[in-house]
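Asker: Sequence:
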Amino acid sequence: MNNNNLNNQQSDSLQSENKQIREHYTFLLENVYDYKTVDLEKMSIDELKKLLEERQQEKAKEKSIYNENPNKFWMIKGMPKPKEHKVNSSTKGGLIVFLVWCAVMLLTGAGFMVFAFLANR
Numbered sequence: 001m002n003n004n005n006l007n008n009q010q011s012d013s014l015q016s017e018n019k020q021i022r023e024h025y026t027f028l029l030e031n032v033y034d035y036k037t038v039d040l041e042k043m044s045i046d047e048l049k050k051l052l053e054e055r056q057q058e059k060a061k062e063k064s065i066y067n068e069n070p071n072k073f074w075m076i077k078g079m080p081k082p083k084e085h086k087v088n089s090s091t092k093g094g095l096i097v098f099l100v101w102c103a104v105m106l107l108t109g110a111g112f113m114v115f116a117f118l119a120n121r
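Read in the numbering used here, the sequence shown has 7 at position 7, and its numbers run on one by one without any break.
Be aware that one or more of the hints could be misleading.
[Claimed, not checked] Pairs of lysine-lysine residues, derived as DSBU-like cross-links and limited to a Cα-Cα distance of at most 30 Å, are as follows: (1) 59 to 86; (2) 59 to 19; (3) 49 to 92; (4) 61 to 50; (5) 36 to 59; (6) 61 to 49; (7) 42 to 19; (8) 50 to 92; (9) 36 to 49; (10) 59 to 42; (11) 83 to 36; (12) 83 to 61; (13) 42 to 61; (14) 83 to 42; (15) 59 to 49; (16) 36 to 50; (17) 59 to 92.
Don't read these hints as lab results, they were simulated from the structure.
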């Protein structure tokens, strides 16, 4: 009798724990991720957990897209999500621009010197 009573208490505590977990998952999916209660009632706890994890990963990925994008200042939350981009930066372009700028400055300075020497002759 005592053993049977102990098993009943354990099963009751497991059921209440499962009910609390189910309510928690349902609450999150309804309020944070806008799922319908009718759809969630049909699912098991494992399915709810899997769905919640998927939505959390999508949300994290969405946040990372917004945080990593260099144009994040201009992004509006209601607009479509931007595509993921791969940054392809190279130092070659900057080096070429710098060398051209130096060459133009040297040629401009040399031109002014030649013009000054010819004007003072």
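Asker: Next, verify each hint and record whether it holds.
Answerer: Tested hints:
| no. | hint | verdict |
| --- | --- | --- |
| 1 | 59 to 86 | holds, 20 Å |
| 2 | 59 to 19 | holds, 26 Å |
| 3 | 49 to 92 | violated, 49 Å |
| 4 | 61 to 50 | holds, 16 Å |
| 5 | 36 to 59 | holds, 18 Å |
| 6 | 61 to 49 | holds, 18 Å |
| 7 | 42 to 19 | holds, 14 Å |
| 8 | 50 to 92 | violated, 47 Å |
| 9 | 36 to 49 | holds, 16 Å |
| 10 | 59 to 42 | holds, 24 Å |
| 11 | 83 to 36 | holds, 28 Å |
| 12 | 83 to 61 | holds, 12 Å |
| 13 | 42 to 61 | holds, 28 Å |
| 14 | 83 to 42 | violated, 34 Å |
| 15 | 59 to 49 | holds, 15 Å |
| 16 | 36 to 50 | holds, 16 Å |
| 17 | 59 to 92 | violated, 37 Å |
Comparing the model with each earlier hint shows violations of hints 3, 8, 14, 17; every other hint is respected.
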